[in-house]
Structures are given as C-alpha cells and as structure tokens.
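Student: Chains as they are written, first to last, in this note's numbering: chain A, 1 to 409; chain B, 1 to 277.
Keep in mind that the hints were calculated from the coordinates and are not lab data. Please note that a few of the clues may not be correct.
List of simulated lysine-lysine pairs, DSS-like, C-alpha gap at most 25 Å [what the hints assert, rightly or not]: (1) B:K184 to A:K105; (2) A:K283 to A:K294; (3) A:K268 to A:K283; (4) A:K105 to A:K120; (5) A:K120 to A:K131; (6) A:K131 to B:K184; (7) A:K7 to A:K71; (8) A:K295 to A:K283; (9) A:K112 to B:K49; (10) A:K131 to A:K105; (11) A:K105 to A:K71; (12) A:K71 to B:K49.
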Amino acid sequence: MASITIKNLVKLYGDGFPAVNDVSLDIADGEFVILVGPSGCGKSTLLRMIVGLEDITSGDLLIGEERVNQKAPRQRNLSMVFQNYALYPHLTVFENIAFPLRLRKTPDAEVKQRVEEAAKTLELTEHLQRKPSNLSGGQRQRVAMGRAIVRQADAFLFDEPLSNLDAKLRGQMRTEILRMQRRMGITTVYVTHDQIEAMTLGDRVAVMRKGVIQQVASPRELYERPVNLFVAGFIGSPPMNFLPAFVRGNELELPFVNVPLSEETKNKIGDHQLLIAGIRPEKFDEIGMVEEQKKARGIAFNAEVDVTEWLGAEQYAFVPYEAHEDIAKRLAELEKELDSEQMRTQMVVTLDPASRIRDGETAELWLDPTQMHLFNPHTGENLTLKEKAEEPAGRHSAPTDDGPPVKTT
Amino acid sequence: MKSRDTHWGWIVGAVLILIWSAFPIVWILSLSFKQPGEVIGGNPQFLPKNWTWSNYDYVFSIPLFTHALVNSIGISLIATTVGVVFATLVAYAIARLAFPGKGLILGFALAIAMFPVASLVGPLFDLWRNIGLYDTWLGLIIPYISFALPLALWTLSAFFREIPWEMEQAAQVDGATNWQAFRKVIVPLAAPGVFTAAILTFFFCWNDFVFGISLTSTDNARPVPAALAFFTGRSQFEQPATYQAAAAVIVTIPVIILVLLFQRRIVAGLTSGAVKG
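Take the sequences, apply the hints, and build the full model.
Tutor: Here's what the structure looks like:
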C-alpha cells in the first residue's frame, strides 16, 4: 500500500513531441484514480511511466516517500493489468497467476494457497489447469486480474482492461473491479477512454488532453462544474449541448430562446459579446411534463424536433439549428479532439419516455437556465464557474454549496 | 458429386508428387540391398535380385565410414548448439532493442548467406593450414557456424517479432529481470522458432560437402558426405556404388528422425491465446 506522487512529469518522444506534458497529480493511499481522455491524450503513456515501462524525461515520480524515476519495473512493486491481458500462453492458468510468486521464490505451499485463494475470488478454480488459449475473453481477463492481486503490490494499474470485452461483460467486470478495490483498499490507477467506467469507478477522475491534465475532480464535480469546454464535452452521454450565445444587453440570445442575464453573471462574462453556452440535455424538458412549481424557474420556447430516439427508460429529441460561423468552426475542432464527428449543429434534449412528441413536430420545450454554463469561445474556459468550492469530501459527493453551481437568472 | 471429383484430383496429384520426390530415395534404398556385382552385371532391374545386408556390414567395418560418422555427428551437433544459442541472443536484440547499426547487422548477415561458399574455400584452406586448424573439428565448426548463422538469425528474429512485446513487459512488472523475462517467457514462446532454426542449421552442417572435402585430409575430421567420395570397392574390380548407397541411407536416417520428432513442435501455434483474438 502506498501513495503515488507525480510531480511535473514530462515525456518527450524522440521527435520532441510531448506525450505527457508537465503533469502533477497526488494519488492518496487507497484511492481509486481514473485517467481518462480521448485516444492519444497521453493517459496510457502516463500509466506506463508510473509502472516503469516508459522512461521519464523530467519530473519526479514518488511511490510512498521514495523517488522511483530510475527504478526498473520489477523494483517498483506495482501490478498491472494490460489491455490485451498479456497472459503467458505456454503456462496454465495456475502458473500464470503464480508467475509473480515464482519469481520471488515463494515456497510451493504458499504459492498454492495464495493462487487458490485468488482463483476462488475470481471464480477460476475449475479452470486452473487449462491454458489461456482455451478460455473465453472474460475468463482471460479474470486470469490477468488474478495475476495482479496474487502478490502484495503497492498499487494496481489498469490499462483499459475492459475494452476487449463485450458490453454486457464489461458492465459485470466493472462492478467486480470496484468491489475488489473496495475490499482490498489498494491504491489504483485506471486508464480508460470510456467515460462510464470513469464516472462509476473513480474516487477522482483526471481528464487529460494532449498530454495535459485539464481537471482532477470527483465524477460529480466534473459533471456539474467542468472547468472548460473540453471537459464539459467529454463527460456526459449524450454530451452537453454547445450553443452560440450573443450578449444583447441584459439578455443572452440562444438559437431558440433568449435568457435573462443576472448582474453576477454579467460581471463574470466581462466584455465578451459572443459566447458558447453549455446546457446538458436533461436540463431541458417538455413543458407538459414540468411540475407547476418548477415551471416558473425556467423559460418555455418552441422548437422543431427533427428526430426522436426512444430507449425505453429515456427518450432523446434532436433539434437542428444554424450556428454562427466562428462558433461552428470552434465546435467542429472540439468534436475532432473528442474523437467524434457531428455532422450538423444540433441540440439534444432529454424527454420523458412517456412523451408523445414525434419526428417533425414542433414541441414546446422548457429550459432551466440556472443550469447553464458559459464558455469563452477562444480559450474554452468556463466563465460561469464560481471560485472553487471546498474540495468535496468523498466519492460522488455533491458540490458543497446546496444550489446549482451557476446562477444566471 | 463435384466435391468427390476434386477429392480424387487431390489424391492423384499427391501420389504423383510423392512418387516424384520419393523415387531417388527408394532407388538408393534398393541399391543398398543389391550385391556389389549386380550393379555392373547385365539385365539391370529396380529391385535387388538377391537381397543382402552385406553392404551395411561392410560400411560399418571400415574406419573411413565409422570415423566420418562420429565426426559428422559431433561437428554438426556442436555447430548447431553454438550457432543457435548465439543466433537466439542476437535475434532477440535485433527484434527488441533499438541500437544504431541494427539494419547493418541484418544486411551483413544476408550478404554472408548469399556469398558463394566455393570462393571462400581456397583462402580458408591456406589460413587453416597456417594456424593449425586444418583437418580439425574446430576448422569445420567455425565456417559452419558463420554460414548457418544468417539463416538462423533471420528465422529467429521473425519469430521474436511476432511475440507481443506486452508479454515481456508483463513479466517485468511481475518482477522479472530482463534475463528472467527472456528465459521464462520469450524463449518458451519462441520454441517453435528455435527448433526450426536448429533443424535448418543442423541440416546445413550435416549435408555440407564443399568444406568437408576441402578442409580435411584424414579421418580426424572428415564428415560423411566427404568420406563417401573416398569409398572404394573391396577389390579393384568392384564398384563402390552399393556401399555408398548403404552409407547414404544410414546418414539420411537421423535427418528423417529429426523431422518426424520436431515437426509437431514447429507447426504448433504456441502463441495462440496470448492476446485476445
């Protein structure tokens, strides 16, 4: 058990490209930290620097109190689960799990006892004498986990461990990993590009982009108080809507609706005339579905629904709009960075599954503007973010102020 | 019905190829059981008129052959072992490490493999005589290793390259030193490649004639292929053909045994299941 301290870590490749650029992160003993970001953001490189498979160009890496920059992987006492599992195909499941113990010349009796214990937790007991090639994907994944937990490592490192599993199995293994981490209380660093894994597993989540950490916070904080456009766009599914917003005196003009601006918000905006407004799909609703006492808080408006998607538990409506040229360009860039490609500028609205709105109809929608973020279109910075509140105490804890983070009315 | 026809087509084709390639071997086998006189007598026929083991008895009775057999086995085994161990280490370095001159080593190895052996025999003959390696085991082992190495190197580095690097990294994270990772993970996984390289090297040494006849002069180091050229009949009126055939059959046996023993290891896809797929 140990904490991991990352100080100004840099990884330069031979051609001078910084894969990891001045990253600092303190991971407490027993904490579950997620590194998340689109492909090529340096999250895997950072993990491999921690475990010792990549050299550190500059900066300090401490495990416990000890600087380990120059240490070989085997001296760092970390265990890792690889994306492709990296099982040894010539060894049985038993020997695969026992491999780290054998290298430490552990007595046979102890090896047997510990491997069987690990196999029991992972329900691999009946497969111990089989070879990895005869196992299913999920079983191979569990063997890789077994190899990681069988010895007393200081920390677990996971490199996209679930990305090779099908969706159903992925959900099950995700819960399994969480349960195991909670039970063993071991420091864990987990790399993923899947934001559902990031949100469900992490005590804290570090969102990375182009080798730089954008924000480190609890999943809830990331969702409700993203520091910039990138984080706001990356966290959440379906993603946050980004709409062009023009400042018109005391109002903000959005594609379908004008929103009044409070004095406080106006101060924060400064002299910007054009902004990007970020609104989560679930902050919209169909007017008929809003409770009476809530209705006054928001603004009603009409919009033509292009397509609806009904998923049983939820329903989404897509509302296309024409975006200002500058904003459209900025949004296209952002989409590209986020590994996605949106064909048109459109707004996604979460509807009640019982809603009867059909494709092509004009719907009367309702928006709660207190839940709106305003971003600087050039820097991407979240202008409406209040001065950072106290660090929330624990996992998934709510922001410390009771109300919504942004008040624009 | 169509599939039945193609089925027969395959069988006929296979039989034709089998006859084509087995004919010389069967011919030598048949020759080795004929009496020496039958070869020069009239009315030749494929199968021996009188089957006899006498050719085999004779070749095992002359030191020319028995010494050559010991030489061949010893020299080939030593050259193979040393060559393959060496090639394994070099190929691993080439497949895994980035160092300047890597391409040069592979290119150089290829150039050696293409170099005509006959052109080197003359200078080697002079050199070996001067430094006392002429007509010794070492005098043959050295050229065998240097000419077999390139082939082994290319075979092995191809095998090493196919082993996912993650295997090794996993081993290192699990607590292995570089050497342990190599010995406990990489070598077992590359076993089919190592066997292939070993067999190819062994065949090269075992079948060599040019070095064997040029760099030896006595039973000290002369290998079987060279010794076959020195066979004579039991008298000057006798042709050595049947004895040579018997000796040839004997030296073919280890080759066949080797192939039968290791073909399964060569073919076995040991890496399946290492990664998802």
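Student: Tell me, which hint numbers fail for this structure?
Tutor: Structure breaks hints 9, 12.
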